[in-house]
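Peer 1: Input sequences plus hints: build the corresponding full structure.
Residue numbers (numbering that gives the first Met the number 0), protein chains in the order written: chain A, 0 to 496; chain B, 0 to 496.
Calculated directly from the structure, the hints in this document are not laboratory data.
Some hints here could point you the wrong way.
Identical copies carry no separate label here, and so any pair may be met within one copy or between two of them.
[Said to hold, decoys possible] Derived SDA-like pairs (lysine to any residue); straight-line CA-CA distance at most 25 Å:
id, residue 1, residue 2
1, LYS12, ALA57
2, LYS354, ASN126
3, LYS354, THR77
4, LYS162, ASN96
5, LYS187, GLN123
6, LYS354, HIS71
7, LYS166, GLU135
8, LYS253, PHE377
9, LYS25, CYS132
There are 2 protein chains.
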Amino acid sequence: MLEKMDLTKKMDKETYKAKIEDLQEKLGGLQRECKALNIPVMIAFEGYDAAGKGSQIAELIQALDPRGFEVHAVKQETENEKMHAFLWRFWTKTPPNGRIAIYDSSWYRHVLVERFEKIMTKEQLANAYDSICSFERQLSDGGMAIIKIFLCIDKKEQKKRFKKLLKSKETAWRVTKADLKRNDDFGKYQAINEEMLQKTDTDYAPWTLVEATDRRFATIKIYTTVINALAAKVEAAKMPKAEEVAAAKPEYDKELQSSILSKADLTKMLTKEEYKKKLKVLQEKIQMLHGEMYRKRIPLVVGFEGWDAGGKGGAIKRLTEKMDPRGYVVHPTASPNDIEREHHYLWRFWEAMPKAGHATIFDRTWYGRVMVERIEGFCSTQDWQRAYKEMNDMESDLVNAGAVVLKFWLQIDQDEQKRRFEERQQNPEKQWKITDEDWRNREKWDQYEEAVNEMLIRTSTPKAPWIVVEGNCKYYARIKVLQSVVDALETRLKEEK
Amino acid sequence: MLEKMDLTKKMDKETYKAKIEDLQEKLGGLQRECKALNIPVMIAFEGYDAAGKGSQIAELIQALDPRGFEVHAVKQETENEKMHAFLWRFWTKTPPNGRIAIYDSSWYRHVLVERFEKIMTKEQLANAYDSICSFERQLSDGGMAIIKIFLCIDKKEQKKRFKKLLKSKETAWRVTKADLKRNDDFGKYQAINEEMLQKTDTDYAPWTLVEATDRRFATIKIYTTVINALAAKVEAAKMPKAEEVAAAKPEYDKELQSSILSKADLTKMLTKEEYKKKLKVLQEKIQMLHGEMYRKRIPLVVGFEGWDAGGKGGAIKRLTEKMDPRGYVVHPTASPNDIEREHHYLWRFWEAMPKAGHATIFDRTWYGRVMVERIEGFCSTQDWQRAYKEMNDMESDLVNAGAVVLKFWLQIDQDEQKRRFEERQQNPEKQWKITDEDWRNREKWDQYEEAVNEMLIRTSTPKAPWIVVEGNCKYYARIKVLQSVVDALETRLKEEK
Chain A
0 MLEKMDLTKK
10 MDKETYKAKI
20 EDLQEKLGGL
30 QRECKALNIP
40 VMIAFEGYDA
50 AGKGSQIAEL
60 IQALDPRGFE
70 VHAVKQETEN
80 EKMHAFLWRF
90 WTKTPPNGRI
100 AIYDSSWYRH
110 VLVERFEKIM
120 TKEQLANAYD
130 SICSFERQLS
140 DGGMAIIKIF
150 LCIDKKEQKK
160 RFKKLLKSKE
170 TAWRVTKADL
180 KRNDDFGKYQ
190 AINEEMLQKT
200 DTDYAPWTLV
210 EATDRRFATI
220 KIYTTVINAL
230 AAKVEAAKMP
240 KAEEVAAAKP
250 EYDKELQSSI
260 LSKADLTKML
270 TKEEYKKKLK
280 VLQEKIQMLH
290 GEMYRKRIPL
300 VVGFEGWDAG
310 GKGGAIKRLT
320 EKMDPRGYVV
330 HPTASPNDIE
340 REHHYLWRFW
350 EAMPKAGHAT
360 IFDRTWYGRV
370 MVERIEGFCS
380 TQDWQRAYKE
390 MNDMESDLVN
400 AGAVVLKFWL
410 QIDQDEQKRR
420 FEERQQNPEK
430 QWKITDEDWR
440 NREKWDQYEE
450 AVNEMLIRTS
460 TPKAPWIVVE
470 GNCKYYARIK
480 VLQSVVDALE
490 TRLKEEK
Chain B
0 MLEKMDLTKK
10 MDKETYKAKI
20 EDLQEKLGGL
30 QRECKALNIP
40 VMIAFEGYDA
50 AGKGSQIAEL
60 IQALDPRGFE
70 VHAVKQETEN
80 EKMHAFLWRF
90 WTKTPPNGRI
100 AIYDSSWYRH
110 VLVERFEKIM
120 TKEQLANAYD
130 SICSFERQLS
140 DGGMAIIKIF
150 LCIDKKEQKK
160 RFKKLLKSKE
170 TAWRVTKADL
180 KRNDDFGKYQ
190 AINEEMLQKT
200 DTDYAPWTLV
210 EATDRRFATI
220 KIYTTVINAL
230 AAKVEAAKMP
240 KAEEVAAAKP
250 EYDKELQSSI
260 LSKADLTKML
270 TKEEYKKKLK
280 VLQEKIQMLH
290 GEMYRKRIPL
300 VVGFEGWDAG
310 GKGGAIKRLT
320 EKMDPRGYVV
330 HPTASPNDIE
340 REHHYLWRFW
350 EAMPKAGHAT
360 IFDRTWYGRV
370 MVERIEGFCS
380 TQDWQRAYKE
390 MNDMESDLVN
400 AGAVVLKFWL
410 QIDQDEQKRR
420 FEERQQNPEK
430 QWKITDEDWR
440 NREKWDQYEE
450 AVNEMLIRTS
460 TPKAPWIVVE
470 GNCKYYARIK
480 VLQSVVDALE
490 TRLKEEK
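Peer 2: In structure tokens:
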């Protein structure tokens with residue numbers, strides 16, 4: 000999830016000024032509504048050191064009536080706290096009905112900073128995650144609004160901030176040795192955070208990742224997150240029917256999303272000659288690796304998603320061309336048929352999963368749940384919001400059973416899509432590939448972009464990553480797909496030895 | 000949970016005959032309703048070998064339209080199944096909407112029989128539980144009715160049944176070496192089952208433990224369980240409002256419950272002389288052990304529940320008499336005050352939990368949630384049904400942090416209670432102890448008995464057990480309490496060395 004963040008996001012002063020006043024007013028109003036409706040609220044701030052947790056909390060409370068909230072700075076456990084179960088100090092600090100508690104670092108400290116420093120057995124870690132999920136679930140079931148915010152900066156930015164702090168006597172004390180060690184070992188600490196996010200990003204207490212390189216941008220995104228969450232809770236409290244609540248739609252601001260798709264550099268290209276040369280080498284490698292995977296009994300799952308006419312078919316063709324056809328299946332995913340519709344939405348994908356040593360390549364995947372089903376309203380808001388964790392859990396089961404899981408997003412821009420659509424319409428051989436629905440979907444480009452950006456962030460995990468493929472040049476796209484598969488298989492086979 | 004089962008439960012032929020026809024009719028009707036409402040149903044049978052899973056399934060399907068269900072016999076994984084994630088074969092066997100799937104042994108096989116036979120790392124085990132809970136949660140969120148039945152017999156009964164099967168050529172093949180090994184190692188296998196029940200007894204997919212020594216009794220209890228679960232699901236499907244669903248109350252048949260309380264032998268007694276002698280010895284031991292616990296930094300949590308006038312106060316007094324007052328607190332639990340009422344119901348108990356080396360003794364506990372709050376309607380049906388797991392989770396957090404957790408139920412019969420109430424009213428020194436509310440509660444004896452029996456079964460865990468104390472003779476009761484505390488502390492301190 001973290002590696003997908005666009006940390007260059009920023010906001011100029013004017014835009015910030017234009018937005019903040021309105022947001023502060025809204026938040027103040029929501030605080031009063033929560034008080035009137037007796038809704039307790041917990042807001043947890045986590046993220047990298049020096050990402051600005053303290054100053055963002057300071058910004059946030061500007062809008063709040065000071066009689067209605069408190070801020071808990073969560074540091075190392077005191078002697079007294081050490082003498083209790085680790086959640087004790089958080090249970091005792093849960094806010095009463097109608098009040099807001101804000102945590103500067105939170106109950107996640109135990110599985111983040113403390114895990115990095117101390118040795119925890121795998122069993123202790125598993126217990127800690129169980130305890131945390133149970134804690135949040137219980138509070139949420141009891142009516143608590145739980146908002147979890149994760150502030151991201153990268154290693155370089157962090158180092159820069161540390162340096163600045165260390166320069167002055169007044170601030171140097173804020174940088175500890177442990178902070179510096181986590182900067183040195185940024186990759187290792189990032190992996191710990193990744194695992195934490197994956198295990199605890201639930202529908203009842205979801206994480207919001209905030210790009211925090213630019214302070215103004217982060218402030219506006221945090222305000223918007225808190226406002227959306229509280230507004231949904233207030234609406235739910237007023238309307239007892241589960242159905243109507245589910246329909247509540249948060250305000251969406253494109254500017255506040257990591258624009259993964261728009262960041263893709265679509266000028267990347269290869270000449271036909273380069274393409275042919277590379278293709279040959281990679282296909283031979285894949286043939287060999289596919290055989291190795293078969294002998295080592297490792298299953299392979301590859302999912303393809305992307306814009307219509309993004310080049311999925313062509314990429315799949317090149318990927319499989321030299322593979323032994325007895326060892327793979329290409330599984331095209333259309334709308335569910337009558338039988339499939341009578342099952343859980345993941346059922347048909349479980350049915351299709353490869354056995355050990357085999358490969359299944361999905362032409363469109365289970366991610367339809369958070370794209371077309373979300374946008375067309377084929378499932379409820381609750382359904383697709385729950386789905387991120389459901390799909391992460393499924394992929395985690397596959398990986399735990401030994402599988403390699405890869406997911407490709409084939410990205411093209413709107414002009415390129417139009418060009419390809421028109422080409423298809425003019426070419427009698429390709430006319431079957433283009434339907435009215437494709438044109439209709441095209442009109443919903445912005446909605447899809449929002450959904451896809453959210454999907455990429457929330458379901459790209461270290462063990463089942465999303466790979467965004469710059470697809471305006473088909474040659475380039477195909478080579479990137481094949482190269483990514485080769486890399487993943489080689490890495491996995493090395494583990495086996 | 001399992002050790003609390005009353006395995007002597009049985010039912011005579013006449014009662015059985017009088018009940019079964021009506022139940023079969025009801026179940027048949029519910030199957031048709033589920034079909035009409037498109038509700039899919041999974042019924043999992045687990046339990047000890049030879050407890051009668053097969054024959055109980057045969058009984059159950061008598062009532063069902065054969066076009067609407069299928070039975071899956073879950074054996075060792077096939078070669079093909081081995082080549083997938085362990086849940087794959089169950090995902091692919093989930094029933095479509097409107098159909099019933101029955102599993103003779105189920106997805107729990109992986110953490111039971113297979114765990115007993117193979118070596119699983121703690122991480123694999125934790126992953127397996129995560130996968131199972133996620134599987135059930137996803138299906139339940141998708142509309143599946145999930146019914147899980149666990150058939151219990153004891154070691155002796157199982158041995159007897161094996162012997163009988165082995166006698167005849169026609170049936171001897173049904174007893175495998177692995178079965179016999181699990182009988183030899185019954186205690187170890189029981190512990191595995193206990194852990195499984197504790198980790199997977201959720202509000203969305205609860206377990207029903209069935210006393211299976213007597214076949215007729217088990218059949219009626221299984222029918223009743225399935226009928227209650229389906230009736231609730233059908234009602235929920237008809238009424239979209241969460242509130243009204245929560246109010247659905249299952250039919251309750253006292254006969255079908257493990258009657259733990261009524262099994263307590265209330266004639267147990269001690270003379271005053273015996274009492275005095277034992278008391279002195281035990282109090283000295285406790286004094287010494289309490290010091291040991293303090294030095295070893297082990298926290299102690301003791302909860303007292305029981306009928307009004309059951310003798311809680313007297314027992315607590317004797318327990319603490321020789322303990323160093325700096326090292327323990329007695330925490331009386333009344334109705335929540337204004338501040339407590341504004342928090343999650345477990346908050347005030349978390350507040351009171353002892354730090355390492357200290358003891359907290361609760362006079363009434365968090366279990367009020369599933370007794371008085373359940374019976375008086377102070378919380379919703381959903382609230383108290385969820386609470387069993389919530390309380391198990393809290394105690395599990397305490398135990399994982401090193402605590403000793405013990406829970407006492409002080410049992411007296413109705414006559415004895417009446418005698419004590421009257422004595423209190425006549426004795427001016429004790430009049431303050433008796434209120435009108437005590438008399439009112441007394442009228443709800445049967446309701447409390449039902450709630451307490453269910454509570455004892457669902458929340459007595461190996462690491463935080465319920466101890467039922469036969470309390471008609473106060474001397475006997477106090478000694479049993481003190482002896483139990485001594486035993487638990489000695490066991491725990493041995494682990495520490």
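Peer 1: Each hint needs a verdict: does it hold in this structure or not?
Peer 2: Structure-based check of all given hints:
1. LYS12 to ALA57: For LYS12 and ALA57, the Cα distance is within 25 Å only inside one copy (18 Å; across copies 73 Å).
2. LYS354 to ASN126: between (31 Å within a copy, 20 Å between copies)
3. LYS354 to THR77: between (51 Å within a copy, 12 Å between copies)
4. LYS162 to ASN96: Intra 42 Å, inter 61 Å, cutoff 25 Å: neither.
5. LYS187 to GLN123: both (19 Å within a copy, 22 Å between copies)
6. LYS354 to HIS71: between (50 Å within a copy, 21 Å between copies)
7. LYS166 to GLU135: neither (40 Å within a copy, 55 Å between copies)
8. LYS253 to PHE377: within (23 Å within a copy, 45 Å between copies)
9. LYS25 to CYS132: Close neither inside one copy (30 Å) nor across copies (39 Å); limit 25 Å.
Consistency with the previously given hints fails for numbers 4, 7, 9, ordered from lowest to highest.
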